[in-house]
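J.: Residue strings, one per chain:
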Amino acid sequence: GESVGLHLPTLSVQEGDNSIINCAYSNSASDYFIWYKQESGKGPQFIIDIRSNMDKRQGQRVTVLLNKTVKHLSLQIAATQPGDSAVYFCAENIGGNMLTFGGGTRLMVKP
Amino acid sequence: DAGVIQSPRHEVTEMGQEVTLRCKPISGHNSLFWYRQTMMRGLELLIYFNNNVPIDDSGMPEDRFSAKMPNASFSTLKIQPSEPRDSAVYFCASSLALGGGSTDTQYFGPGTRLTVL
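These protein sequence lines are chains A and B, in that order. The first sequence begins at 1 in my numbering and counts up by one. The second sequence begins at 112 in my numbering and counts up by one.
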């Protein structure tokens, strides 16, 4: 889920299908990761987090997977709904209490 | 319960004017963050306060930007003088930092959309 300038990667899925959004992080020392959802005109909204001592964490319809070997994070959304359409950001702890955000991935859900 | 509150939600001003953005963090939170979001640069951390003290301001673009946190329930981000390239959405976020080296979830406000003409 990295952006380049004005272009956001876009994932288009059919309503009811599962979605997988990927993120590559940069700091092998990062120990905390968060996924945020941002709808148009709103601030980022917390979805789910995971600490580096885990490789999987599940929430309601969402699952985050962490692969520290390849520094990869993914967000899986089950039974994607139109209300899931948004931009999704991964964020990693860069030290202290600060986060670095990825560029975002736009999820579009087709009815 | 109220989340992070920001005001104004929209601000349109002319180049050279002073702009002040306001934030009220979630009650009980002890860390506050100011971010700027643009299409070109994404979401950037500007400054971070812990217990009302600025901890890291390395993201503040230049001397025209300043931030204060006079108490636990209020912070301001000021731009003086403003320039067209400052146009962006500015977010405030807060968290409850429990210390011990852990990182805690940041909760974002709705943002202030700033347009400098």
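FYI, nobody ran anything at the bench for these hints, they're computed from the structure. These figures come from a predicted structure and were not determined experimentally. There's no promise every hint is true.
The following label-pair restraints were derived from C-beta to C-beta distances [said to hold, decoys possible]:
| id | chain 1 | residue 1 | chain 2 | residue 2 | range |
| --- | --- | --- | --- | --- | --- |
| 1 | B | Leu209 | A | Lys56 | 19 to 25 Å |
| 2 | B | Gln191 | A | Thr69 | 44 to 50 Å |
| 3 | B | Arg152 | A | Lys110 | 28 to 34 Å |
| 4 | A | Ala24 | B | Lys189 | 33 to 39 Å |
| 5 | B | Thr216 | A | Glu39 | 40 to 46 Å |
| 6 | B | Thr216 | A | Asn67 | 19 to 25 Å |
| 7 | B | Met150 | A | Gln81 | 23 to 29 Å |
| 8 | A | Asn18 | B | Glu125 | 45 to 51 Å |
| 9 | B | Pro181 | A | Ala78 | 44 to 50 Å |
| 10 | B | Pro165 | A | Thr69 | 21 to 27 Å |
| 11 | A | Gln76 | B | Pro192 | 32 to 38 Å |
| 12 | A | Ala78 | B | Asn163 | 26 to 32 Å |
| 13 | B | Leu207 | A | Gln58 | 43 to 49 Å |
| 14 | A | Pro82 | B | Pro192 | 39 to 45 Å |
Footprint (simulated), chain B over chain A, 3 or more residues, beta carbon under 8 Å [said to hold, decoys possible]:
| id | region |
| --- | --- |
| 15 | 44–56 |
| 16 | 81–90 |
| 17 | 101–111 |
Cross-link-like lysine to any residue pairs, in silico, SDA-like; alpha carbons within 20 Å at most [stated by the list, open to error]:
| id | chain 1 | residue 1 | chain 2 | residue 2 |
| --- | --- | --- | --- | --- |
| 18 | A | Lys42 | B | Thr216 |
| 19 | A | Lys56 | A | Asn22 |
| 20 | A | Lys42 | B | Phe176 |
| 21 | A | Lys71 | A | Ile20 |
| 22 | A | Lys42 | B | Val123 |
| 23 | A | Lys68 | A | Gln45 |
| 24 | B | Lys189 | B | Ala113 |
| 25 | A | Lys110 | A | Asn18 |
| 26 | A | Lys42 | B | Asn161 |
| 27 | A | Lys56 | A | His72 |
| 28 | A | Lys68 | B | Lys189 |
| 29 | A | Lys56 | B | Ile137 |
| 30 | A | Lys42 | B | Lys179 |
| 31 | A | Lys42 | A | Leu8 |
| 32 | A | Lys42 | B | Arg152 |
| 33 | A | Lys110 | A | Thr10 |
| 34 | A | Lys42 | B | Pro119 |
| 35 | A | Lys71 | A | Ala29 |
| 36 | A | Lys71 | A | Lys42 |
| 37 | A | Lys42 | B | Met151 |
| 38 | B | Lys135 | B | Phe185 |
| 39 | A | Lys68 | B | Met151 |
| 40 | A | Lys42 | B | Ser118 |
All C-beta atoms, glycine included, are put in the ideal place defined by N, C-alpha and C.
J.: Take the C-alpha atoms of A/Lys42 and B/Thr216, compute the straight-line distance between them, and say whether it is at most 20 Å.
T.: holds, 18 Å
J.: Between A/Lys71 and A/Ile20, is the straight-line Cα distance small enough, at 20 Å or below?
T.: holds, 16 Å
J.: Does the Cβ-Cβ separation between A/Gln76 and B/Pro192 fall within 32 to 38 Å?
T.: violated, 47 Å
J.: Is the distance from the Cβ of A/Pro82 to the Cβ of B/Pro192 consistent with 39 to 45 Å?
T.: Since the Cβ atoms of A/Pro82 and B/Pro192 sit about 44 Å apart, the hinted range of 39 to 45 Å holds.
J.: Run the distance test for A/Lys110 versus A/Asn18: straight-line Cα separation, threshold 20 Å.
T.: Satisfied, since the Cα-Cα distance of roughly 12 Å is no more than 20 Å.
J.: At a Cβ distance under 8 Å, does chain B reach at least three residues of the region 101–111 of chain A?
T.: holds (count 4)
J.: I want to verify a distance hint. Is the separation of the beta carbons of B/Thr216 and A/Asn67 within 19 to 25 Å?
T.: holds, 22 Å
J.: Given the hint of 23 to 29 Å, check if B/Met150 and A/Gln81 actually sit that far apart at their C-beta atoms.
T.: For B/Met150 and A/Gln81 the Cβ distance comes to about 26 Å; the hint holds.
J.: Holds or violated: are the alpha carbons of A/Lys68 and B/Lys189 at most 20 Å from each other?
T.: Outside the cut-off at roughly 39 Å; violated.
J.: Could you grab the alpha-carbon distance between A/Lys71 and A/Ala29 and see if it respects the 20 Å cut-off?
T.: Cα-Cα ~10 Å, so holds.
J.: Is it true that B/Arg152 and A/Lys110 lie within 28 to 34 Å of each other by Cβ?
T.: holds, 30 Å
J.: Keeping to a limit of 20 Å between CA atoms, is the pair of A/Lys56 and B/Ile137 held or broken?
T.: violated, 29 Å
Violated hints for the displayed structure, listed by number in ascending order: 5, 10, 11, 12, 13, 16, 20, 23, 24, 26, 28, 29, 30, 36 and 39.
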